[in-house]
Structure formats: structure tokens, C-alpha cells
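Q: Now for the letters of each chain:
Number of protein chains: 2
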Amino acid sequence: MKNTKKTVRTVPLLIGGALVIGLASPASALEALPKQPPIPKDNPMSAAKVELGKQLYFDPRLSLNGTVSCNSCHDVSGSGTDNRPVSVGVGAKTGGRSAPTVWNAAFMTSQFWDGRAATLEDQAKGPILNPIEMAMPSEKAVIDRLSSIPGYREQFTKVFGGANALTYDNIAKAIAAYERTLLTPDSPFDRYVKGDKKALSAEAQRGMKLAQEVGCTACHNGVNFAGPALPMGQGFYAKFPTFSDNEYVKKYQLDADEGRYEVTKNDADKHMFRVPTWRNVALTAPYFHNGSVKTLDEAVRVMAKTQLNKELKENEVKDIVAFLNSLTGEFPKQTMPRLPATPNMSVVGE
Amino acid sequence: MKNTKKTVRTVPLLIGGALVIGLASPASALEALPKQPPIPKDNPMSAAKVELGKQLYFDPRLSLNGTVSCNSCHDVSGSGTDNRPVSVGVGAKTGGRSAPTVWNAAFMTSQFWDGRAATLEDQAKGPILNPIEMAMPSEKAVIDRLSSIPGYREQFTKVFGGANALTYDNIAKAIAAYERTLLTPDSPFDRYVKGDKKALSAEAQRGMKLAQEVGCTACHNGVNFAGPALPMGQGFYAKFPTFSDNEYVKKYQLDADEGRYEVTKNDADKHMFRVPTWRNVALTAPYFHNGSVKTLDEAVRVMAKTQLNKELKENEVKDIVAFLNSLTGEFPKQTMPRLPATPNMSVVGE
Chain E
1 MKNTKKTVRT VPLLIGGALV IGLASPASAL EALPKQPPIP KDNPMSAAKV
51 ELGKQLYFDP RLSLNGTVSC NSCHDVSGSG TDNRPVSVGV GAKTGGRSAP
101 TVWNAAFMTS QFWDGRAATL EDQAKGPILN PIEMAMPSEK AVIDRLSSIP
151 GYREQFTKVF GGANALTYDN IAKAIAAYER TLLTPDSPFD RYVKGDKKAL
201 SAEAQRGMKL AQEVGCTACH NGVNFAGPAL PMGQGFYAKF PTFSDNEYVK
251 KYQLDADEGR YEVTKNDADK HMFRVPTWRN VALTAPYFHN GSVKTLDEAV
301 RVMAKTQLNK ELKENEVKDI VAFLNSLTGE FPKQTMPRLP ATPNMSVVGE
Chain R
1 MKNTKKTVRT VPLLIGGALV IGLASPASAL EALPKQPPIP KDNPMSAAKV
51 ELGKQLYFDP RLSLNGTVSC NSCHDVSGSG TDNRPVSVGV GAKTGGRSAP
101 TVWNAAFMTS QFWDGRAATL EDQAKGPILN PIEMAMPSEK AVIDRLSSIP
151 GYREQFTKVF GGANALTYDN IAKAIAAYER TLLTPDSPFD RYVKGDKKAL
201 SAEAQRGMKL AQEVGCTACH NGVNFAGPAL PMGQGFYAKF PTFSDNEYVK
251 KYQLDADEGR YEVTKNDADK HMFRVPTWRN VALTAPYFHN GSVKTLDEAV
301 RVMAKTQLNK ELKENEVKDI VAFLNSLTGE FPKQTMPRLP ATPNMSVVGE
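Going line by line, the protein sequences match chains E and R. Take the working numbering: the last position of the first sequence gets the number 350, and nothing is skipped along the way. Take the working numbering: the last position of the second sequence gets the number 350, and nothing is skipped along the way.
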């Protein structure tokens, strides 16, 4: 939190999003991943809470028919996404936006493509009740179901205390606590900025320079390459597409979604999207809010044109892609959770 | 394999299935879970093969649209099933049979409810291509997709050797090797038969005796309580329902499915089903091939009536359920696999 406050003081003008396009990257733009993400004061970490959160994250019983868990669309065994254009919810329903990665999401200053959740806690509450995602009918239905599972009742009491520990807020807190452990340090880039000058190839080094010179890092800066470390909930947004009179916008229908406007109904928010992280971006194809672009090299071309009105040469695209590949971090080994049982019965029906 | 052969010599008359109903349990009926399952000579175990198999088991890219993995329906974090009446495949398609548990499946002498696969290797090949499950269009499509993932290409070569290591057979071998590690030893029952007489409650001990006296263990015997250790592929079947003129058969539509007959078209196989394991049965609700019975106590009542034409008293049901609960084993800690990446692109589409 200390770090967040300090950074805020240096970049107060960036708050609000629309104004930032084209600003020169601050000197601190390229930073190694910190060891710890910001932890909200009202949700301190503990091993027992993280373990509970992991169980909830992997538990398909948080969905109406027991087929979709958080992990179904944000796969911790992989890229933290489902690598699909858009995700598939209960009953094979689909929406219009692609699942963002859960890895390093703890560093994002707002959640969802439109930033409609301020924190990981707020985010976790959404998909469980979304009729095209996990489709539970109400918070009460979620609490009732988890209350019918003895292992959850016990753990919520142990972790949160009190007579009424199994609440929707506490479900979200446990999931968010687990998600704050999902960090990928030690990418070649991180090793490079920490002093290992051999960690990046010549190609990747050229790409890094180019990304700054061309202007990509005006938005893709900060520890997560997703904007500065604003206070949680402030969010960092950019208009996408900024330049819409080009073939890419048509081909990939990039202006069909009005982004943050759909949340705020404020005209200034039309086509504003949360700036996505570049960390592990090489692993999270397909790209953009609608998952319409299949490969990273094409995504780089599209961004240069739609955001900076520039056409990159193929060797420039290649160099930038090499740099983006250097942002793939080390994925920490995970133990699998053991989901608490319901002996002699099942709590998911038809 | 040695153990299997020995057992076969002692129970040759049981081969064939239909004849076994009503046979007294052999003296060896109640056995602790061995440390190792039978390992086929043509698929020896190795750490690298098991690790590859685990990745494949958890990888939704084995399904048409990247949404369904083996683990989706046979959840290793839980009971090894999805605890649903029937599973949900790609496009929310459903079939007519409930997913059997993967835990201790290595001890089963045939696979699927109708025994249509002789081995775990054979079984693994089915759901990937089943249009209502993982829905891949052909073996070639599966091989092509996995071949586009560098980490799989490398591992198949390392594990199986040769120029053409990534074959459908080898995919199945790796998955089966992983599945052979999914054993749950040290249930209260196992500790009891190994000499810890306090491991079972008085209730469970009464239930154990009753299950033998009533006749349940005529079929539910052997290390997996799923019949004797026949040679792999022989399978151990029973007619279900045997007595069909009762309310349960109507209520739960237990005679709608013709079982093994649908595979063999042999009249003697009508309504013959593989005898399911009792190990961890307390965790695998809902019950029976169609998942129609929601609780274990009701499943016990149904089985007594449909298989033995007996009506149990409620205290007898309770005792048998207590015994069945004592068959819940220790689930070994699992590390999560890391799925090999496809940098800069995705291999799952719409």
C-alpha cells in the first residue's frame, strides 16, 4: 500500500483514463514485479484463508449445475485464461468479452475489461451470479449451498470467526486472498531490470526500446504494464480504438463494444477499457476485449494502428513480440486443493 | 499382473458375470487396497509419463472448444466424479450415464458402465472423440492439436521415444499411467482389516457383517469392492435390476438402459452393468448408472430390493451406510500440472 501511495503522488494527472493517451512514459515505467501485491487492510492474508480461497476457486459447486468454477475460465494450470475468444458458462452460454488472466491480477487497479469492480473481492462476486457464467440465482443460494458442505462451514468459522462467518463477502475475500498469491516473478525482463543484462536477447532489447519510443508504454507501464499503481478501484483506462478509421477496426469489430460507458453511461467513457497487463501476454491469446485477434504479432500491428496511428515494419513487430515474450514469468508450483466433501449426497442437481 | 493371474486361478467360474449373482462371497472378499494396481506390460510407469499424463488429464485443449478436460467430469480435487446425475460435455450436451470415479479405477477389470473398454488406456480414448463429451472430430485432429503445442511434442518424444511418439495410443497410455497413481489407501476399513480394530465404529462393523450376510458382497467384493481381480478386460458384471417388479425400478427408471447389451447385442447382456466400486462411494452421489438416486441411504434400500429382493430395516440401512462411509480413503496430495503453452497464439477456436 505504501508503494501505491507514493506512485499516486507522482502521476495524479493520469487518473480518469482518457487524458493519458500519448503521454510520455514516466521514468519508472518499466519495473520488476514486486514480491507482494497491495493487500487491502480489511482482508489480511493468512495461510488458512488462502487455502479456503483456493478450494472455492476450483470448486464447480459455486455454479448452478456444478460444471463451472472460477478456474474453468481463468485456468491456473495455464495462462490464467481459457485461451478462448470468449468464455463458456453454464449451459454453454457465452458473452461478448474475453476472460482476462488471473495471474498478477492482484496488481490491477480495477477489475473486468470495463473496470466495473474496484477490487479482486468485488470481482469475485460477479461471475458467480452472472446468468451466462456460473448462473447461481442469488447470494443466498450460494451461501445456502456452501453451508450444506461441512468442510466449508468449518473453514469459514476458523478463518473469519463469529457465528455468521459464511457470508458472500467472506467468500469473495477468501477467493481474492488466494488470487493475491498468483504472481509470476522472474521473467527474463524482471531478471534484466534487476541487472542480468544477458536475460534479454538483442531482439527483445530492441523491442523494449521500440515499445517505449513508439508509445506503447504510455499506457502499458507500471509493475504490471497495465498503467500506474493508482489506488485500488481508481482504475487505469484508455480509449480503444483511439483511431477507428482503419481496416483492423472493421475486420475485428473493435468498436462494437462501448466499454466502460456500459457501466457509467457517461459519454466520456465510451470505448474506454481497462489497460490489460502485458505480463504473460504471450500466453493469453486470443487478444483484446472481444478475443478477436488470434496471434500476438497481429495484436501488436493492430495496437500500433488503432492507438498510435502507426504502421510498424515487420521487423519492428518481431522485436516487440520478442520483448513481450520476455514478460512471461515463472509460474509457482501449486498444490491441488482438496474440495470438501458432502458424504452420502450431492449438492448439485440437474 | 502376478497378483491378477493368481486370483484368476482361484475364481475361474466368476468370469462371465451373469452367473455370479447370489454366490457366497469368497473368503478373500474383504481386502485392503494394495499399494500398487496391475500395470500392463506394454505401458510401464515412469515419473515423466505420469507427469505428461497428468497434464493431458487436466488439459481442456483435448476437447473441441477447449472447455472440457478429463478432470471436468472426473474431478481429482474431489470425488473423482462431477457429482452430477450425468456429465455435461462440449456445448452443454448430456448423455444418459453418470461419470464413474477415476479414483482406484486402476483396479477395475473393465471400464465404463457397460465395460466397453478393457483397460484404462482404451477408456481414455473414448470421451475425447465422443460428440457429447469432448467432441474432437478424429484421432488425427487430437494429434494435430497436441503436435502444435511444443511442450507436448518434446515430452512425447522424451517419454515414448522414436520419430513418431505423439500418437493416439501414446496419449491414452500417458493418461492411463497418471490414473494408475490415483489410489486412496488407508480408509478406516483398510486400517481395520490390517489390524486396527478401533478404526471402525460399532455401527460400521455391524454394517460390514450385514453387507456380507444380506448378500451385497456377492458382487461387491475384491480389493475395490467391485468384484474379483479378473484379468484386465474380462470385467465383472451383474444384472441391474435383477428384481424389477418394484416401485424403485419405476421411480428411478432403472430398467430403461440395457447396459452391456448395447455394446454386445447379446441377449444375455441385457441390463448387465459393471459392478461399481464401493471405495469412496460415500463421496460419489448421485448413484447408479443414470445418477437417479440422490443419497447413499436410498441407494442401499434400492439395491437390497432390486438385487436381493429384500427390504432392509432403517437401522440396517444406517449400519450399512456407516460401513460404506468407512471405505472413504486418504486422497494423496497432488501437485497441479503446468499445461504446456502455445506462445503468441491459441489452439482452441470458437
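Some hints here could point you the wrong way.
Pairs count within a copy or across copies, as identical chains cannot be separated in the list.
[Stated by the list, open to error] Computed cross-link-like contacts, DSBU-like style, restricted to lysine-lysine with a CA-CA straight-line distance of at most 30 Å:
| # | residue 1 | residue 2 |
| --- | --- | --- |
| 1 | K318 | K93 |
| 2 | K158 | K198 |
| 3 | K294 | K140 |
| 4 | K294 | K41 |
Hints were generated in silico from the structure; no laboratory data involved.
Q: Checking K318 and K93: alpha-carbon separation at most 30 Å within a copy, between copies, both or neither?
A: Result: close neither inside a copy nor across copies, 36 Å intra and 42 Å inter.
Q: At 30 Å max between alpha carbons, let me know whether K158 reaches K198 within a copy, between copies, both or neither.
A: between (48 Å within a copy, 29 Å between copies)
Q: Reference check for the pair K294 and K140, CA-CA at most 30 Å: within, between, both, or neither?
A: between (40 Å within a copy, 23 Å between copies)
Q: Treating 30 Å as the Cα threshold, decide for K294 and K41: within, between, both or neither.
A: neither (40 Å within a copy, 43 Å between copies)
The structure is inconsistent with the numbered hints 1, 4, although it conforms to all the rest.
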